[in-house]
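Chemist: Listed below are the residues making up each chain.
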Amino acid sequence: MENSVKGDGLMVPKNLQPFKPFSRSNTRSTAFESTGIGYTLLALGPSLSLFIAVIAKKPFLILTLLSSTLVWLISLIVLSGLWRAFLPFKTGSLWPCTLIILTSVAFQEALRPLFWKIYKRLEDILDAFADRVSKPRLFITDKMQIALAGGMGHGVAHAVFFCLSLLTPAFGPGTYYVEKCSQMSFFLVSAVIALAFVTIHTLSMVIAFNGYAEGNKVDQYFVPAVHLIAAMLTLVNLAQGGCIIGIPLLYIMALLTMGHCGKMVWRRLTEIRSRQGSSF
Amino acid sequence: MEPDGSILDSIGQEIIGVMSPVSICMFLVVLLVYSLYNPATATTIRTAANLVYMESPTDSTAQKLEGSLLNAAVFIILIALVTFLLVFLYYYKFTKFLVHYTRFSAFAVFSSMGGSVLLSFIQHFNFPVDVVTFCVLHFNFTIVGTLCVLSSGGPIVLKQSYMVALGIIVAAWFTKLPEWTTWVLLVALAIYDLVAVLAPGGPLKLLVELAASRDEELPALIYEARPTVDMGRSGVRGSSLGLLVGGVTGNNSGSNGGAVELRVMLRNNNNNHNNNNNWDAESIINVLENESSEIEEVREDVGESSPLIGGGSLMERLSTQSERTNNGGSRENESQGEDMAGTGLRGLKLGLGDFVFYSVLVGRAAMYDLMTVYACYLVIISGLGCTLILLAVCRHALPALPISITLGILFYFLTRLLMEPFVVGTSTSLVMF
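Just so you know, the sequences run in chain order A and B.
Numbering-wise, full-length UniProt numbering puts 170 at position 170 of the first sequence, and it's gapless, one number per residue.
Numbering-wise, full-length UniProt numbering puts 25 at position 25 of the second sequence, and it's gapless, one number per residue.
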């Protein structure tokens, strides 16, 4: 297997085998694997809990999650295809990165209404099916769960491709640091950022679907705006020591998304319940 | 306040029932490859797949390509020959021989290949286990496996686990093939699968038709996914996929008589006797329409080509099950499953060779990078889903390999060449979107 230089300022050998000077001892190897698993759980822990609690019970949601992840993977491939000609660029420089982020976010946000249209068609099919087997149509909670699964697909795709795939050396001894952010190991920083993005992506889909369903312009523009701001905030990491400012700000955006989503869901649910209550 | 009886609870269950063992198999093969693969000491094995050309890293590209093509051609010819032999044997009713041969090959896989995998595991992780204990445990494992995979007795979970174990062992063995040979072989197998199942003279198509005309099961190794929805909770059986697709394809006129829908097979108790023969073959689903009653029959023929031992012997199987279900009168078509609760509900079936070759692709992707693993996994699963949906629509025999393998290889190279420099470049500067 080849050793290769990935990115600037960081050399990551591929498929690093754990170096075991004391081959009889097992304790060192478990320590290495546990740090790797720790970073994985940091980025994907909440998603895993959400998956087990909500999504794993309904097979259709698992299918939605898988197809959503696939769609975002394809979007990443298309974007990298577009930008391939310009690579490798000086990753420390501001303007190429800004351009990349702008185009990527624009492309991904353009995909979201498409996603919504496909979901509408699916909803009609499901409703027709429900009528044919004389069961109730999709409830509002069902629709929100589908949106949640779709958003989680986006979040998981982000975490997997931006964070987890680089974690292979974390399962061995030693660690890597990025020059610009030398306070924490690279794996930790990337896992923490991935966690914030997973939250943002998961909840954005719920907000966006609700916005499209209700025709609520605030929600519809909230999601692309948050995505863009969050992506721009990661540009702060390019400056020396920038991650100290960038990451907390990113988490503020994540909390903002969480708050907005919670408020919106609560509002809709109480609306529906009161409507149901009053109809009796 | 949980809304009960929502359709979201049970839709898509049979697809997940097939996708989870495939995912588990791929995941374990990736783990195995990661823990046991050591590029410095990798020894290439001599199998049917590299009889002609033994690849070495120092050869030129043209040489490697030529050699791999030769290897793949030889392999496919061997498989085709064995498949025709199978058709011949089945035509002349040598079914017992086929059963016993399958048992023998399952035993050989578990004992020799499985033992070798376990041994390298023990060596790598320095498990403190002595020879006697290992022999006893391994012997037990092999015997239980051989008994389990071909008989209908015993808990279904055990049978499913042994099937997955079989797939893992064979896939782990195949990942030892050199790189170029693996890729060319996968492409060749996908094409062969397509031809063998769909072309008029194809051996697997002949097997399907033979089995259909005789109305019995072929001997084969097949993974069977039973749906786990408990009876009577909701009126929608596992057949929801077919209904859903049937609705999509414009059968909305409301006429039930001509509507062909994919139904879950329901077993009759009488049909269990020649159940002991299970082989691999291509994934095929046939749907028949039963004019007399409003219930349709579904046949699922699954099988695939899976070279089990170094000689490249190909086992193929098509299991044909034609079940007849009687509508319980007052019930609607869709919920007839509940009337047959006593006879046991069958689910989708997938041939073991599909497991093997999906896992080989993902294992080979794992030798490059984790990113390619995820991309290939996602694409293979969606290819499998597409195939299942196509089955419900097309209503005749379809192979399971081509779509997934083609997409898998395409996305492997796309990810490796396009996506990885881009994503790694941005994320190592901590710029993410």
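Mixed in with the good hints, there may be bad ones.
[Said to hold, decoys possible] Which bits of chain B does chain A cover? Going by a derived footprint, with three or more residues having C-beta under 8 Å, they are:
| no. | region |
| --- | --- |
| 1 | 7-14 |
| 2 | 373-380 |
| 3 | 425-431 |
No lab work stands behind these hints, which were simulated from the structure alone.
Note that CB positions come from ideal geometry on N, CA and C, so glycine has one too.
Chemist: Going through the earlier hints one by one, which of them does the structure break, listed in rising order?
Modeler: none
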